[in-house]
Amino acid sequence: MTGNIPFNIPFVAVAILISISLFIMVTQRNLIKVVMGLSIMASGVNLFLITLGYREGGVAPIYTHAPGQLMVLPVPQALTLTSIVIAVATLALMLSMIVRIYRSTGSVDSEKSRMLKG
Amino acid sequence: MMSKIVRTMAGIIVPFVFVYGLYVILHGHLTPGGGFQGGGVFASGVALFIVAFGSAYVHQRLKEHHLSLLESSGVLIFIGLGFGGIATVFFYNFLVGSSVFGNIPPTGANPGDIWTGGVIPLMNVGVGLKVIAGLSAILLVMALATTLTEVEE
Amino acid sequence: MRTIAVAIFLSIVIALLISAALLIHPFGQPPSQMDDYIIENTQMETGANNAVTAVVFDYRGYDTLGEATILFAAVTGVVTLFRRKKKENRQ
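Protein chains in written order, with my numbering: chain R, 17 to 134; chain B, 570 to 722; chain G, 172 to 262.
Hints may contain errors.
[As the list claims (entries may be wrong)] Calculated cross-link-like contacts (lysine-lysine; reagent style DSS-like; alpha-carbon spacing at most 25 Å):
| no. | chain 1 | residue 1 | chain 2 | residue 2 |
| --- | --- | --- | --- | --- |
| 1 | G | Lys257 | B | Lys573 |
| 2 | G | Lys257 | B | Lys632 |
| 3 | R | Lys49 | R | Lys128 |
It should be emphasised that the hints constitute simulated quantities derived from the structure, not laboratory data.
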């Protein structure tokens, strides 16, 4: 896919994805929707890391049966791998905390579990 | 526990998923993959097993202390290989050029040789064991917590 | 009152994000000095065919140690949150 892609369309898509998830996290009251917004923001950041290291006409940076000479950058892909694993770990911990909050207060509304009770 | 058709098909498909996950872990230095990706594939096979057979049936055979032993041994393999090349620097690749896993591939495109890579395939096995045990422990504990409804502490 | 503050904050952040996306380097020509060195010398120095695995485990192995620690801490936290009280009469 050679040729000039005008106006950096992938970077604008990443900016739109992060702003939608920020809007969800700030305005919603249901705790599960806030966690969904955080997961969308993690996907947006991973997409940004991969599109930083793209070279036009490049192939995957693996030498086993490599089809071409020009390769994309390998370091952003390694950082994305770490970021995906960290997103899975924090998502598991957040969902476990939501289950405990539901068992002790009876609802997943964030306005009903504000005050620290004895 | 789901119906007999679901249990039979899950029992047929799950060994293939396990073999595929182990293949992705062991060939991490030749094809796309490695420890984290192969561990995720293996854990999805465990998830299919838990959904088809029910969490109480799986919990009779697979306790938490088995998974804890597997995860700790994976981390110890990883850190022990990091300390192996401590004469130069922490995490030095001390097996390149020596006897075990020490071949050097020819530059450019080539069909891969599995005995290359230095210390990287052994680190893949360590991280793969850790991710398998960690994700299976998360799945098993969360599936158990939603079935038993006794009030605790 | 609160909705006005939220609207102002969100509009400022969204404007900054989209302007940053338009001012970054053109898509397809990244600055790449370190990655050229890594692509050239992977097979000689590490002996692996996969440059991404070599970066994760050899050139940047310390970051993988940190990530393994985070995964371990998250699994410990999840198992701790779901513990059950043992019954009093255990043989």
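Here's how the hints hold up against the structure:
no., hint, result
1, G:Lys257 / B:Lys573, "34 Å, violated"
2, G:Lys257 / B:Lys632, "15 Å, holds"
3, R:Lys49 / R:Lys128, "16 Å, holds"
Of the hints listed earlier, the one the structure fails to meet is number 1.
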